[in-house]
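2 protein chains.
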Amino acid sequence: MPHAHSGVHRSAHIQKKRELRRDEILHAALNAFRERGYHATTLDDIALRLGMRKTALYHYFPDKEAILYECHRASLGELDRILRGTSRLKSVAERLRAVVREHVRIMIETLQGSPLAFEVTTLSPARQNEIISARDRYERRLRRMIEHGIKDGSFRAVDPKLATFAILGAINWIARWYRPEGKSQAPEVGAEFADHLVGGLERT
Amino acid sequence: MPHAHSGVHRSAHIQKKRELRRDEILHAALNAFRERGYHATTLDDIALRLGMRKTALYHYFPDKEAILYECHRASLGELDRILRGTSRLKSVAERLRAVVREHVRIMIETLQGSPLAFEVTTLSPARQNEIISARDRYERRLRRMIEHGIKDGSFRAVDPKLATFAILGAINWIARWYRPEGKSQAPEVGAEFADHLVGGLERT
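So the protein lines, in turn, are chains A and B. Heads up, the first sequence is in numbering that gives the first Met the number 0, so the first residue is 0 and it goes up one at a time. Heads up, the second sequence is in numbering that gives the first Met the number 0, so the first residue is 0 and it goes up one at a time.
Just chain A, with the same shape it has in the complex:
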């Protein structure tokens, strides 16, 4: 029994190590995508950043497209959790502010300001469909949040679709100007964007 127990421990430990390594690879890949662009980045570039052999990288991801797919999946999963997490907040404006702040954090911290939102067409058709559906779902939920705010009188009678596009555009555009060495980091950008983009919808 103690033997089996330590076996479980060991495999949990190995699993944990594997996940950490996986995250490091995604992190390095996203930095490479930001700096050189997705198309110019090779698996060698990513391996080099990690001081890893390319053959070792293959244990985690078969190719660059699998890495891109995983980055999309991970960030859309995070967005989904965030949306569900905000349901405990009372007002729509508070909920939308939290979503904007967290989405900005994902753009800057999880995605390292990498222009992922600009790169969907490079995925295989099946993966492209999956990512686009998840993104559409997220968009629709933002739109419904705004519709809700209009109904309960917190927001002006805006066009919910256009308001959603304005918010997502401002956030996605971060990939065009963000620099890790710059002074604007996630908490500041998130707070400013939340006030600007949600404040602009509120009734005054």
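Just so you know, these hints were derived from the structure itself, not from any lab. Possibly wrong hints are sitting among the right ones.
The list makes no distinction among identical chains, and a pair is therefore deemed to hold if it is satisfied within one copy or across any two copies.
Derived BS3-like pairs (lysine-lysine); straight-line CA-CA distance at most 25 Å [what the hints assert, rightly or not]: (1) Lys182 to Lys160; (2) Lys150 to Lys63; (3) Lys150 to Lys182; (4) Lys182 to Lys89; (5) Lys150 to Lys53; (6) Lys160 to Lys63; (7) Lys182 to Lys63; (8) Lys160 to Lys16; (9) Lys63 to Lys89; (10) Lys89 to Lys160; (11) Lys182 to Lys53; (12) Lys160 to Lys15.
Go by the hints and put chain B onto chain A.
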């Protein structure tokens, strides 16, 4: 003298026709860029849309890059005129609203919702520098407009750089969702974006 006079008329007429043709080419090119992407578009595609021979196209533009450059130059020139035009408006908020509305109009009508802002790196280094400088100049002027609004008390104490990025992001992102056959056209998008993006800066 009457002879010379009619000569002037004729050359003015030819000049005018040439300009119209040039505009048609830019228009067709922008539509092709939106539909197929810049890289996938060929000069043949553009000529085909105009029912023109490719050799006739060469009288106007030597290559695709020259067309892209001209689209950038024309839209940045328009933005410049707009900024100067708004100086007659009294309040900063009114001026910024007019700039947002007009920039949206350029994105949708002049640029046909083409993702031009996403394509600078394909230009030659000299042209790239010119376009990036003009774009930076425009950005700086928007930023100063916001700084001015903070000083005179019309705007909250936002970070002018981040507020400018949010506005430009929302506008540039139009290229990602705009469809000429859709119901959201320039006047509506411009009015909604102006209220949303400028309203979000105003003191309440």
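Against the structure, the hints:
no.: 1; hint: Lys182 to Lys160; in the structure: between (32 Å within a copy, 11 Å between copies)
no.: 2; hint: Lys150 to Lys63; in the structure: neither (45 Å within a copy, 49 Å between copies)
no.: 3; hint: Lys150 to Lys182; in the structure: between (39 Å within a copy, 22 Å between copies)
no.: 4; hint: Lys182 to Lys89; in the structure: neither (32 Å within a copy, 34 Å between copies)
no.: 5; hint: Lys150 to Lys53; in the structure: neither (54 Å within a copy, 55 Å between copies)
no.: 6; hint: Lys160 to Lys63; in the structure: neither (33 Å within a copy, 34 Å between copies)
no.: 7; hint: Lys182 to Lys63; in the structure: neither (31 Å within a copy, 38 Å between copies)
no.: 8; hint: Lys160 to Lys16; in the structure: neither (43 Å within a copy, 41 Å between copies)
no.: 9; hint: Lys63 to Lys89; in the structure: neither (42 Å within a copy, 54 Å between copies)
no.: 10; hint: Lys89 to Lys160; in the structure: within (23 Å within a copy, 31 Å between copies)
no.: 11; hint: Lys182 to Lys53; in the structure: neither (34 Å within a copy, 49 Å between copies)
no.: 12; hint: Lys160 to Lys15; in the structure: neither (41 Å within a copy, 41 Å between copies)
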